[in-house]
Amino acid sequence: MGRRYASEPHVVWIVSGEYDAINGFKLPIQPAQKQLLIAVARGLRDAHGGTQLMTMHPGVARSSAVDFHDGPWLDFNMLQSGHLIDSTAHQLPENYTLIAQAYRRKPIKPVLDGEPIYEDTPDAVWLLKHIHGPRAGPDAVRRRAYWAVLSGACGHTYGHNDVYGFFTPAFPGQVLSLSTWPRGPGQRSHWREALEAPGATQMQHLRRLIESRPFLTQIPDHTLVTGPES
Amino acid sequence: MGRLAGAGDGRAFSGGRPLFADGAGGDYRLRPDSPAYSLGFQPIPVERIGPYADPLRASWPIPVLASQAVVSSNRKQPVPSFEEQTVDAAGPPNPWTKIAGDLDEDGRDELIVGGQKGPLVWYSWPQFRKHTIADSGWNTVSGAVGDVDGDGDLDVLLGGTVWFENPGNLCTAPDQRWKLHRIAADPTHDIAVADFNGDGRLDAVTRNQSEFGANAGHRIRVWLQQPDGSWQETRLECPHGEGLAVADLDRDGDADIVIGGIWFETLRQPGQVRWQPHRFADFHRNVTIAVADFNGDGRADVALAPSELAGQHCRLSWFEAPTDPRAGPWREHRLADPIEAVVHSLAAADFDRDGRIDIAFAEMHQGADPDEVGLWLNRGPGQLWEKLVVSTTGSHGLQVLDADGDGALDLFGANWSGPKQTIQLWRQRPRRTAEAAPGSSNRTPGAGLQRLRVSDNRRFLVTADGRPFFWLGDTAWWIRHLPPPLLNHYCSTRAKQGFNVIQVHCGFAVTNHAGVPAFLNNDPESLNEPFCRELDRLVAQAREHRLYVALVPM
Numbered sequence: 056m057g058r059r060y061a062s063e064p065h066v067v068w069i070v071s072g073e074y075d076a077i078n079g080f081k082l083p084i085q086p087a088q089k090q091l092l093i094a095v096a097r098g099l100r101d102a103h104g105g106t107q108l109m110t111m112h113p114g115v116a117r118s119s120a121v122d123f124h125d126g127p128w129l130d131f132n133m134l135q136s137g138h139l140i141d142s143t144a145h146q147l148p149e150n151y152t153l154i155a156q157a158y159r160r161k162p163i164k165p166v167l168d169g170e171p172i173y174e175d176t177p178d179a180v181w182l183l184k185h186i187h188g189p190r191a192g193p194d195a196v197r198r199r200a201y202w203a204v205l206s207g208a209c210g211h212t213y214g215h216n217d218v219y220g221f222f223t224p225a226f227p228g229q230v231l232s233l234s235t236w237p238r239g240p241g242q243r244s245h246w247r248e249a250l251e252a253p254g255a256t257q258m259q260h261l262r263r264l265i266e267s268r269p270f271l272t273q274i275p276d277h278t279l280v281t282g283p284e285s
Numbered sequence: 006m007g008r009l010a011g012a013g014d015g016r017a018f019s020g021g022r023p024l025f026a027d028g029a030g031g032d033y034r035l036r037p038d039s040p041a042y043s044l045g046f047q048p049i050p051v052e053r054i055g056p057y058a059d060p061l062r063a064s065w066p067i068p069v070l071a072s073q074a075v076v077s078s079n080r081k082q083p084v085p086s087f088e089e090q091t092v093d094a095a096g097p098p099n100p101w102t103k104i105a106g107d108l109d110e111d112g113r114d115e116l117i118v119g120g121q122k123g124p125l126v127w128y129s130w131p132q133f134r135k136h137t138i139a140d141s142g143w144n145t146v147s148g149a150v151g152d153v154d155g156d157g158d159l160d161v162l163l164g165g166t167v168w169f170e171n172p173g174n175l176c177t178a179p180d181q182r183w184k185l186h187r188i189a190a191d192p193t194h195d196i197a198v199a200d201f202n203g204d205g206r207l208d209a210v211t212r213n214q215s216e217f218g219a220n221a222g223h224r225i226r227v228w229l230q231q232p233d234g235s236w237q238e239t240r241l242e243c244p245h246g247e248g249l250a251v252a253d254l255d256r257d258g259d260a261d262i263v264i265g266g267i268w269f270e271t272l273r274q275p276g277q278v279r280w281q282p283h284r285f286a287d288f289h290r291n292v293t294i295a296v297a298d299f300n301g302d303g304r305a306d307v308a309l310a311p312s313e314l315a316g317q318h319c320r321l322s323w324f325e326a327p328t329d330p331r332a333g334p335w336r337e338h339r340l341a342d343p344i345e346a347v348v349h350s351l352a353a354a355d356f357d358r359d360g361r362i363d364i365a366f367a368e369m370h371q372g373a374d375p376d377e378v379g380l381w382l383n384r385g386p387g388q389l390w391e392k393l394v395v396s397t398t399g400s401h402g403l404q405v406l407d408a409d410g411d412g413a414l415d416l417f418g419a420n421w422s423g424p425k426q427t428i429q430l431w432r433q434r435p436r437r438t439a440e441a442a443p444g445s446s447n448r449t450p451g452a453g454l455q456r457l458r459v460s461d462n463r464r465f466l467v468t469a470d471g472r473p474f475f476w477l478g479d480t481a482w483w484i485r486h487l488p489p490p491l492l493n494h495y496c497s498t499r500a501k502q503g504f505n506v507i508q509v510h511c512g513f514a515v516t517n518h519a520g521v522p523a524f525l526n527n528d529p530e531s532l533n534e535p536f537c538r539e540l541d542r543l544v545a546q547a548r549e550h551r552l553y554v555a556l557v558p559m
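First to last, the sequence lines map onto chains A and B.
This note's numbering numbers the first residue of the first sequence as 56 and each following residue consecutively.
This note's numbering numbers the first residue of the second sequence as 6 and each following residue consecutively.
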């Protein structure tokens, strides 16, 4: 697969999705499992010879830096801050903390939040195992985006609960629940409608803000993240 | 922006305080002993803080959003260019009904055509293969699309009055017959749809005409859809004539009804809805109508043209909405005077994508030649217009659509009778000089999409030539579940919204929408060619929309 897309200038590799799933999300992953993942990364890198960027996508509230920061093939770090409106309420770090931790590491590598809470996801659905929590509105989505970028992330990733799996309801009003069949974390609207969700249309403002100022000299300022009026 | 308490003192910067010269006082220069220098940062020249052109600013000039667009009068304005294409030389006889809508949800609008006595067909992209919806059942000139049953896809409504239920899954099974639902036995000329009473169910409004002996255009019928699927009728008396549109003229959140010179204010009351007529213009009794904000003041203005009969004359004008549309006066702005009363189509849309709403029009073939199909391009906010003739073959019921899904609006139409009844599409050619904006480019699609690398200071991503790349991603993990015709809609929407990366899961033990596995027997050496051919299409489609693809192979 690496060879097939090696010549595409616009392809980036995320070597594995939720790579710690290989150990049932139990940390740390086993040395042999880590070696397997590194072997896949090396295989991809052999195919493109370093001309395509590579990273690794971890499980909840972690970054790829934990297991792979020193890998020469790892061009930038990715984290998954997870599907929580308020991570600290569940004794988990917010994304600005995870980004700051990755930011401080040497050698220096860029970092971004590759999976914050998806818009319209029921709060903490994967921890609570039910879909009755409050839904993440555009405010929750924007907060994660601005937190991440003002803390030093080199970009951000958005997601919507009904878009990532391209949900199409079989009948009007259908809601997918973790406890019923077919199972899902509360999907409830057609992906085409969800494409136009408010948060999705608002992400461009963050991009414009950051791009409208000199880019390579920007530094994190956590007062913009944790100050009383933030 | 108000000052943030504590901003700039860096107390919360977990990498150590950056040591600004005087953060509290607004002086963000770094002190010589700032740890930021050890992170590889260069001081920013203070005199150059603020907006200015710089190769390191990816979004320069700061793009103007459509709603804030201003006129630049001394700039040469691009003129859209159209290519004529015959979609069907043997379409339904007397193709009275023309409608546009994305029936198969592929991100492109389909052409829908109904013959006077049938059939009702639609044409699928890209070969314009013809698919029959139904053979008969209606009695109308115009039609509409809308989601009548609330299942997420577009149904088709025709006067007479019926609606056809979209069977869904048209991408893979286009040749399905659609179920007919009757609303009323009632011949019409015009039909429009809106949710008038705000109950979440789509309603319809119809009007017949007063020419050709029908003599029945003095009544508007509103059909409110009931919870049990039946339709409750309300009749509104009006002067004789033809032409009907719905739009929120008083900006109160509900749709009002517009005919030639009169609009009916929709008044929602507990348990019922009623309509209050207001006169806004003296005009020909037979009209075609387009409602839009032509001068950019946030109010809905109304454009009118005379639609019948050949040999009569009136004018093509837009009427400027006053502060209170109930009170008036509505100032008239004439675009063409006189004009023959054969303008049976008027539509408002931004064809040249300059943020100003243009007007499309078409003359029917029974008028004096040439029978023009064209645009009035809005060059100053409603005050300065430039006419562009696209064709002189004439059309009745001209429709605005994006047939090829490229974001540039196209036109389609057909003459309603006579020797030349071909279904014509006028496709807008891609622009040579597009405005630079996030998510778009003045280059041809996909060309020059550069490889990415890490910036020299190791903090950011940049393109190969060193320009900033701000990663704005969307998680499209399971996009393999979409059949390829639907990819365009996803990619074009996300590109328009400013995204530049999509994150896609493409392996290891997964299958796509057709049940095709990524690898044969889960053997990492046996990549499955049919799976990859579809992945190739996604990668190509993303490139066309200038989206980077982050692939997750396991």
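Read the hints as simulated data drawn from the structure, not as lab findings.
Ideal Cβ positions, reconstructed from N, Cα and C, are used throughout, including at glycine.
Among the clues, some could well be false.
[Stated by the list, open to error] Below, a list of computed lysine to aspartate or glutamate pairs in the EDC-like style, where the Cα atoms sit at most 16 Å apart:
id: 1; chain 1: B; residue 1: K501; chain 2: A; residue 2: E251
id: 2; chain 1: A; residue 1: K161; chain 2: A; residue 2: D194
id: 3; chain 1: B; residue 1: K501; chain 2: B; residue 2: E549
id: 4; chain 1: A; residue 1: K89; chain 2: A; residue 2: E73
id: 5; chain 1: A; residue 1: K161; chain 2: B; residue 2: D461
id: 6; chain 1: B; residue 1: K135; chain 2: B; residue 2: D180
[Unchecked claim] Just so you have them, the derived chain A footprint on chain B, three or more residues with Cβ under 8 Å:
id: 7; stretch: 200-208
id: 8; stretch: 349-361
id: 9; stretch: 372-384
id: 10; stretch: 456-462
id: 11; stretch: 470-484
- Structure-inconsistent hints, enumerated in ascending order: 2, 7, 8, 9
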